[in-house]
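Asks: Line by line, the protein sequences give chains R and B. Taken in order, the first sequence gives residues 1 to 226; the numbers are from the numbering used here. Taken in order, the second sequence gives residues 1001 to 1173; the numbers are from the numbering used here.
These aren't lab readings, by the way, just hints derived from the structure by calculation. Check the hints yourself; a few may be wrong.
[What the hints assert, rightly or not] Result set (EDC-like, lysine to aspartate or glutamate): computed pairs, CA atoms no more than 20 Å apart in a straight line:
(1) B/LYS1129 to R/ASP198
(2) B/LYS1129 to R/GLU23
(3) R/LYS13 to R/ASP81
(4) R/LYS13 to R/GLU23
(5) R/LYS22 to R/ASP84
(6) R/LYS22 to R/GLU133
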Amino acid sequence: MGFLRQAGVVAAKDLRAELRTKEAINSSLAFALVILLMFSFAFDPLADTTREISGGLLWIVFAFAGTLVLNRSFTRELPNDCLDGLIAAPVSGAALFLGKACASFLLVLGVQLVSLPVFGIFYNVPWTRQFPELLLVLVLGTWGLTVVGTISSALTVNIRLRELMLPMLIYPILFPALLGAMQLTAVLVAGNPIGPGDFGWLKMMVGFDAIYTAVSLALVETVLVS
Amino acid sequence: MGEGVLYYIPLGGTAALAAATALIASIGFLRTRDFRFDALASAASETVLAFLAAGIVSGCSVVHSAAGKWWTWDARMTAALICWLLFATCLMLRQAVEEPSRRAAFAAVWTIFACLDVPLVVATAAWWKPGPTLPIDWTWPRFGLLAIMAIAGGLFTAARVRRPEPSHPERAG
């Protein structure tokens, strides 16, 4: 079985398991909605200034809600020693990692695509005006979040306070990707296209995703066999 | 103001040297599985935290004397704070893992992740806050102070290097 096919099988297994139980995706969606609601207590959700910071608000929601999905990525394998079975299976650590990252990516992206219209309605933000570009930013930002979150999930799966450790580990690392996503999302939900001045952020996000995907694929075997 | 300007640059420079040491030691551990590299990486990470914290405090004093407040989201201050958090998470991860070989491997992986993030954080902070930032003017006295600080950082690291602990016999029974 080829590398990509192995990763595809792992991703399909994770998606099937999640869609049967809906544990992570339900809690993540509910959490996203609760945070969106709580932001509206802190300031006037319909004020013009809110639109200016809407990119930041959205990505804070995505990062918090995404953590719930990412925490489950490897924790899901703990009952019945499934993780030992996966590591012993004739699948490389990199394929296992890539499969799990792809499954988490699709789940987090799903949560985002549900949260986005809710955000648009509650905060009166016309987010559909630049949707293709916004989707590109969502994909790049979410892949960065997912790839760092999945390797962190592998690191924290067997340690104390894993639910606390994962967000503590990933948020400082994600600073460049999240800041880029926030800046670009703020531009796009305001109805403006990505201008020449914003390409630097886009390149930063692509570079971040490429670097951390490559390093994670190279080091995940070390994490899994330790 | 001059005092603060004098100190935060060499403190930051020493922290950068310690971060490079931690990166090299982490790669060395993953290649050789020699726990002396792990001990060096751990000590160098502690040096980064100590010197960067001192640099941030020094930067705060510069900001305070110039602007009357203790913190501005200046590019260099922001980057220093994020880098401090990156290395703090490396040490938190060390504390959370009990088994020594797993702790060393995980910490090495995360130190590599943190070090790769440092240039991205510095560039991102500079794009985010392109306005006036803390002054950096490299002149010979500052190179001299950097050399002294680097020696102090080396001594601090050497003092913090612990003998590797492969097992805990008292827990065996």
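Asks: Give a verdict on every hint.
Replies: Structure-based check of each hint:
1. Taking the CA atoms of B/LYS1129 and R/ASP198, the gap is near 14 Å; set against the 20 Å cutoff, the hint holds.
2. Among the hinted pairs, B/LYS1129 with R/GLU23 is inconsistent with the structure: their alpha-carbon atoms are about 40 Å apart, more than 20 Å.
3. Simply put, R/LYS13 and R/ASP81 have alpha-carbon atoms about 16 Å apart, close enough for the 20 Å limit, and the pair holds.
4. Simply put, R/LYS13 and R/GLU23 have alpha-carbon atoms about 15 Å apart, close enough for the 20 Å limit, and the pair holds.
5. At most 20 Å may separate the alpha-carbon atoms for a hinted pair to count; R/LYS22 and R/ASP84 exceed this at roughly 23 Å.
6. For the hint pairing R/LYS22 with R/GLU133, the CA-to-CA distance comes to about 29 Å; that exceeds 20 Å, so the pair is violated.
Hints 2, 5 and 6, counting from the list given before, are not met by this structure.
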